[in-house]
Amino acid sequence: DGGITQSPKYLFRKEGQNVTLSCEQNLNHDAMYWYRQDPGQGLRLIYYSQIVNDFQKGDIAEGYSVSREKKESFPLTVTSAQKNPTAFYLCASSIDLRTSNNEQFFGPGTRLTVL
Amino acid sequence: AQRVTQPEKLLSVFKGAPVELKCNYSYSGSPELFWYVQYSRQRLQLLLRHISRESIKGFTADLNKGETSFHLKKPFAQEEDSAMYYCAPALIKAAGNKLTFGGGTRVLVKP
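Sequence order for the protein chains is A and B.
The C-terminal position of the first sequence is numbered 631 in our numbering, with every residue numbered one higher than the one before it.
The C-terminal position of the second sequence is numbered 124 in our numbering, with every residue numbered one higher than the one before it.
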C-alpha cells in the first residue's frame, strides 16, 4: 500500500497519560485528516488540516490536539481530557480540500487501548 | 445538522443474489456522494463516487435527490464483495470539503 503510514499499530496507555499517534504521507497531499472509528458509529472526524501550519476542529475534537509543522506529517495527541479514548484511529489524506470529488486515502490505523 | 443513515448494520446474501445497501442523507445543500469500502485486513478505500457515474466491481449507486438517498447496488453478489461499506456525502463549502461517514453496513456473501 505505502503512501500513508501510521504508527504504532497497537498502543496501550495508562489512564491520565497523553499519547501521540503518528501519521506520515508521501503523496504530496495538502489535506490531512484524523478520524475515530467505533463499532456501529462509522468514522467521526476529529481534526483536519488543509495546509501546513493550519488545522481545524472536526466533529469530536474535545480531548485531542494536532499539529501540522510539515506537509507530510500530521500527528494526533490524545490527551488525558479525552473521556473515552479507547478506539481505532484512522488518518487520511487527499490532494486538497477544495476539489469536490477528491478521494481520501487512508492509513492502516492505530488501535489505542487505555488500561 | 448533516446526517447520514445506513439503516442496515448487516446484510447477508447468497452468492449470485442481488444486494442493495441503503444510504439516506440530510443536508441543507447539494452534497457530492461517495461509497467507501473496507475489505478484511485492508485499508478503507474509495469504491465509487457519484460524480463519475461509474460502475466499479459491478456496483452502481443511484442518487435520488427527492428521497435524499444514494443506495449502492449490485445485481449478482460475489464472495469477494464481503466487506464493510460506508456511505459518505461531502458538502462542498468554501472552507473545505469534508466527508461525513455513515455507520456502515457489513455485507456477508455466502457461497
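Treat the hints with caution; some may be incorrect.
What the hints assert, rightly or not - Not everything, but these chain A residues come out facing chain B in the computed CB check (under 10 Å):
| no. | residue |
| --- | --- |
| 1 | G558 |
| 2 | P601 |
| 3 | F621 |
| 4 | T629 |
Simulated from the structure, these hints should not be mistaken for laboratory data.
Backbone N, C-alpha and C define an ideal beta-carbon position, used for all residues, glycine too.
Hint-by-hint comparison with the structure:
no. : hint : in the structure
1   : G558 : holds (4 Å)
2   : P601 : violated (20 Å)
3   : F621 : holds (8 Å)
4   : T629 : violated (19 Å)
Going through the hint list in order, the structure does not satisfy hints 2, 4.
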